[in-house]
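Student: Using the sequences plus the hints, can you model the full thing?
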Amino acid sequence: MRISNSYFYTLREDAKDEESKSGNLLVRSGMIKKVGAGIYMYLPLGYRVLDKIKNIIKEEMDKTGAQELLMPSLIPSEYYEKCGRVEAFGDNMFNLRDRKNAHMVLGPTHEELFAIAASMYLKSYKNLPFNIYQQADKFRDEMRPRYGLVRVKEFIMKDAYTFDRDEKMQDSSYKKMYDAYCNIFNRMGIDYKIVRASVGAMGGTLSEEYQALTDIGEDILVLCDKCDYASNMEVANFKIEEEEEEEKTLEEVNTPNAHTIEDVCNYLKLDIKHTVKALLMHVDGKLTIFFIRGDRELNEEKALKAVGGKEIGFANDEQIAESNAYPGFTGPINLSGCKIVVDNEVLKMKNFCCGANKEDYHYINANVKDINYDLAADISNVVEGDVCPKCGGKLYFKHGIEIGNLFKLGDHYCRDLGITYLDENNKEQYPLMGSYGIGPGRILASIVEQNNDEHGMILPINIAPYQVALVQIDMNNKEQTEVAESIYEELTNAGIEVIYDDREERPGVKFKDMDLVGIPIRVTVGKKISDNLVEFKLRSEAEAEDIQLSDITNKIKEYIKDNLK
RNA sequence: CGAGAUGUGGCUCAAUUUGGUAGAGCACUUGGUUUGGGACCAAGGGGUUGCAGGUUCAAAUCCUGUCAUCUCGACCA
Numbered sequence: 151m152r153i154s155n156s157y158f159y160t161l162r163e164d165a166k167d168e169e170s171k172s173g174n175l176l177v178r179s180g181m182i183k184k185v186g187a188g189i190y191m192y193l194p195l196g197y198r199v200l201d202k203i204k205n206i207i208k209e210e211m212d213k214t215g216a217q218e219l220l221m222p223s224l225i226p227s228e229y230y231e232k233c234g235r236v237e238a239f240g241d242n243m244f245n246l247r248d249r250k251n252a253h254m255v256l257g258p259t260h261e262e263l264f265a266i267a268a269s270m271y272l273k274s275y276k277n278l279p280f281n282i283y284q285q286a287d288k289f290r291d292e293m294r295p296r297y298g299l300v301r302v303k304e305f306i307m308k309d310a311y312t313f314d315r316d317e318k319m320q321d322s323s324y325k326k327m328y329d330a331y332c333n334i335f336n337r338m339g340i341d342y343k344i345v346r347a348s349v350g351a352m353g354g355t356l357s358e359e360y361q362a363l364t365d366i367g368e369d370i371l372v373l374c375d376k377c378d379y380a381s382n383m384e385v386a387n388f389k390i391e392e393e394e395e396e397e398k399t400l401e402e403v404n405t406p407n408a409h410t411i412e413d414v415c416n417y418l419k420l421d422i423k424h425t426v427k428a429l430l431m432h433v434d435g436k437l438t439i440f441f442i443r444g445d446r447e448l449n450e451e452k453a454l455k456a457v458g459g460k461e462i463g464f465a466n467d468e469q470i471a472e473s474n475a476y477p478g479f480t481g482p483i484n485l486s487g488c489k490i491v492v493d494n495e496v497l498k499m500k501n502f503c504c505g506a507n508k509e510d511y512h513y514i515n516a517n518v519k520d521i522n523y524d525l526a527a528d529i530s531n532v533v534e535g536d537v538c539p540k541c542g543g544k545l546y547f548k549h550g551i552e553i554g555n556l557f558k559l560g561d562h563y564c565r566d567l568g569i570t571y572l573d574e575n576n577k578e579q580y581p582l583m584g585s586y587g588i589g590p591g592r593i594l595a596s597i598v599e600q601n602n603d604e605h606g607m608i609l610p611i612n613i614a615p616y617q618v619a620l621v622q623i624d625m626n627n628k629e630q631t632e633v634a635e636s637i638y639e640e641l642t643n644a645g646i647e648v649i650y651d652d653r654e655e656r657p658g659v660k661f662k663d664m665d666l667v668g669i670p671i672r673v674t675v676g677k678k679i680s681d682n683l684v685e686f687k688l689r690s691e692a693e694a695e696d697i698q699l700s701d702i703t704n705k706i707k708e709y710i711k712d713n714l715k
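The opening position of the first sequence corresponds to residue 151 in my numbering, with each subsequent residue numbered one higher.
Among the clues, some could well be false.
Listed next, the in silico SDA-like pairs over lysine to any residue satisfying Cα-Cα at most 25 Å (straight line) [what the hints assert, rightly or not]:
{"#": "1", "residue 1": "715", "residue 2": "205"}
{"#": "2", "residue 1": "213", "residue 2": "303"}
{"#": "3", "residue 1": "455", "residue 2": "560"}
{"#": "4", "residue 1": "273", "residue 2": "218"}
{"#": "5", "residue 1": "303", "residue 2": "348"}
The set of hints was computed from the structure by calculation and includes no laboratory data.
Tutor: Next up, the structure:
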């Protein structure tokens, strides 16, 4: 491409409405432009990059035997009602009415339609297994879009769906996707971790996520410093260490105005790890009090699961009044009028401090024998330094952007939709379904987030919009023009993607722009041409190299051959 | 949805406190001088100050409402 008569622009300053590095670089390089919160246009340069990402995904998906198709985005809502997902998605789904006032949605994910597509083909056990996928727009009315392309309201997702007969067959289908995803992200040079995750609104039995490691990642990954344990915080656990301490006698102590755990610890000079705090919650409107170690957070998802509820939130005064709990001084001793859930860890604690259910009083030296509760379960979040549940190593945290996920969904979608096949005994069976997502936009954001310097982005050669930036220093120099044109022609004929900066701009402008956009290879045709030399520079390296003009195209071809994954 | 901040040429910002004809840099156009890391000089074009009301002789500025964007929180495949 010749820049001089192409759509190409860059911005010299950061956008004021972009916070993240990747968001800013993508906007400044003219790859994307914000239309509204969480809504972006992909401009020609950005679209080329997106297309390359999609192509790598497509290649690896097709290699597994998956077949591509295309689903609509505008879907009658009845399809989502059948599986109870109108409720599951709630306000996250875009709802609209057509002219006949029929209720429509913009698809947030496509399990239902894929199941229906599957049913058109699937009649016999002989049809299994198979895998169908698409790369198409998804719409989710996110409460808070942020970080450029990381969390948006409309985005392209590659979503694949497998259909299998039994768990063994599904394991094999799942493994194929697992491996394909590794290939995809490895080819793109992304630094990622595969973590165990929650099945969330998808429902199902197993979920793993591919998480690109970056500081702006919204997910917290729990990793072990000794083994390969890796889990999303939402489902991470830790090994509870039993305290070896002799049980002392329960004692009530005055703690004036000590409403928070910090206050109590300061006042009584206690280690926060020897305290138990209360979380006064409502589960489906009913007061439920959770007790966890003072320094931990309640994991609401685990808590809900433990009590078998649907909705959880902080209790209001009215709900609290049903019990004898005293906010700020609530403890699991002589507590009544509510459901009481204690963290498994609390059962192993010795001589801890907790509220006494009356103003300005706490208990010290409390032990399991002193407390009353309805249920004990794992309800708290891991903190850094906890013991790995797998090997006993130390757990630490990293932030990740979820760029891919794998779900074993079981058969509930097919059950709800009545999709069956006949087995060899002429008996109707429900197939097992799996769903597998990848977010190309998030991949782009993650790559830029992981690969940049003060000059701009540094893109891998199979992702960059062009492989080679050809910079001619002096557009009025005939010899330079001749050489640049011939290099352009030769590389282009060899199938190499060249962006030829033939603008009447000063060299500095051209260098800055090519650096900002992150083109991996730069060839500069300048004054050294009188010695038959041109300059070869990698975006990732600081130094340039002078190359004989006669060698330059071969050098580039070889570099690309060696580095194109 | 709760709290805070911000909306002024394409971009980044000033003028708002104290009401008085809307300004700079970048970008753009023309001419000239330059030409290896975002050049310089000169002359231009481009904004009913997010929108709607109100107060006033006069509103970017004050008041009310509304919308949008960003941040923190809540929420979250």
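Student: Hints first: check each against the structure and report whether it holds.
Tutor: Results for each hint:
1. 715 to 205: Holds - the C-alpha atoms of residue 205 and residue 715 are around 13 Å apart, at most 25 Å.
2. 213 to 303: violated (30 Å)
3. 455 to 560: At roughly 18 Å apart (the allowed maximum being 25 Å), residue 560 and residue 455 satisfy the hint.
4. 273 to 218: holds (20 Å)
5. 303 to 348: holds (22 Å)
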